[in-house]
Amino acid sequence: MRLTFRGTRGSLPAPGPDTVRYGGNTTCIEVRSDAGDLIILDAGTGIRTLGLELAADPPPACHIFISHTHWDHIQGLPFFVPLFMPGNRVTIYGPPDPLNMTGIEPVLTRQMEYPHFPVREAELKADIAYETLSDRQTVDLGFAEVSTLLMNHPAMNYGFKVACDGKTLFFTGDHEPFFNIYEPGDADFDDYERIVQARNAELAAALRGVDVLVADAQYTGEEYARKRGWGHSTFGHALSLARDAGAGRVCLTHHEVARTDGELDAIGERLRREWADSGVDFRLAGEGDSLAV
Amino acid sequence: MSDVNDRLLAAVEKMPAFPQSVSKVLALAGEIDCSQKDLVEVIKRDPVFTLKILRLVNSAYFGLSREITSINHASVYLGLNTLKNAALSLAAVGVIPETASRRLDMGGFWLHSLAVAACTNMLGLRLGVGRDGAADYFAAGLLHDIGKVVFALYMPGEFEEAAGMALEPGASLVRCEREVLGATHADIGAMLADKWNLPTHLRDAIAFHHDLGGASSKLLDCLYMANQITKRLAFGSAGNFEIESVPERIRDLFGMDVDGLANDLPTLDEEVENARIFIKLGEAR
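Here the protein sequences come in this chain order: G and A.
Mapping to the numbering used here: the first sequence position 278 is 260, numbers consecutive.
All you need for the numbering used here is the position in the second sequence, starting with 1, plus 23.
Hints were generated in silico from the structure; no laboratory data involved.
Everything hinted at is true.
No farther apart than 30 Å at their CA atoms in a straight line, the calculated lysine-lysine pairs in the DSBU-like style are these:
1) A/67 / G/209
2) A/47 / G/209
3) A/47 / A/241
4) G/209 / A/60
5) A/60 / A/218
6) G/143 / G/209
7) A/47 / A/218
Okay, the calculated beta carbon distance ranges per label pair:
8) G/2 / A/151: 30 to 36 Å
9) A/71 / G/35: 52 to 58 Å
10) G/98 / A/280: 19 to 25 Å
11) A/130 / G/272: 58 to 64 Å
12) G/41 / A/266: 50 to 56 Å
13) A/42 / G/184: 32 to 38 Å
14) G/35 / A/283: 40 to 46 Å
15) G/119 / A/54: 30 to 36 Å
Owing to the predicted nature of the structure, the values given are computational and were not obtained by experimental measurement.
From the three backbone atoms N, C-alpha and C, an ideal C-beta is built for every residue, glycine too.
Construct the entire structure; sequences and hints are all you get.
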């Protein structure tokens, strides 16, 4: 299996001279089996160029897994050219929206409502199917299995484990470690802590031994202090998760929107010093980076 | 007139208190920096609310793989935002007392209120109101006719007379109420909203949903339009079938009239159907 980062930015596209190397497009990961079958993880703006390539050589089927429906993970969908081409089969998988009591179906219709977009979902020519997934569900695509795991984010967000060609990849989507809302000494601290620990342990167990972990690492520790509860991890959180899970390699992504290439380089160097003896093999994901698993 | 007012106040006084936990959830949900601990504490202190939340998060809509057994558990699993919005969705329902009044068909009343709630919510989203704000729109729709419940429970004879008169073709329930009871269901609904200390925008939406001259807000515009759409589509009934005229200003806001919008909300049916679970959960006591 091979994965290619089509978009590595979090929150909002960040084009410009300071984001040329790590990229300015929002989250999208192309996963190819050895035989060339295609899985797309998230549909941020990075999906656009992938769509252009696919339009030239359409695959028999296209499976798009949406971790959650915040803009930066879906905004490229209306610009995904294969959706406009008759004969293409595209299946969009994702979490439910329990508060509006819908599944993943409105992911296109809502953002393609007339005030927001000139073409309506009903006018798309491809054969589009939607499949709403539940927690810990496994989808068998024949060439690969994709399993869901509910993570911690201000929307229902699934991490996806992709098992293909005898290897495994886990993509967190957006995720913040579970944390205790009580202080030591509060009556409920212990009960809450027990549940938090259990959740963190479940996550580590699900990730145990994956070959590659692609993890949200949006913040530095200093930034996180101000942004706890926003649903994102720090570089340290993501590396700790990789270490605890015994992941073979970890790619840190969902770069903070204002982070420049130079700042990311500096963070990478610092982390390499701090984590030198940890056994964790990591890299900061850059748009266009491709690695064989 | 003061006699009428006293009788209305007496009826309102007989209504049960608005649960404190619900007011607190509504207040907390309005804070962008709402503390997760504060929210969890408010819910925990109300066993009925707790039960409703647990039933909701364990429903098929959430698709969770584990049974959620406590509010702490729900809080860890779902996080602040989802929990807050689930609480908000459940907050407004369940405050309406169960009535066995034969003056008000509660099935029809619920369906009408629910359809107006879903429709007001959809219209709010269409006008660019955020998801959090849209929950308020849902609540306004759900509660807009609450005054009818007060009439049906505590002034049943006169309400029945007014409702009977309103069945005549061309009659208006509001005019009949004014004639027979000296006040409309919107008037007494507003009095109840005052007693319940509902936020001003909700109170005004209830007070002026038949009288746009009384106040002006996007919420009220959406509620007014949703009420007409719901009557046009005959979702349930609340004893009043007359479709009121929509001012040009509101038609311009949506770029279409009642019929146009009614045709342009293809998922309303489905949303009403879906939202029924909130009624079931809300009614659980």
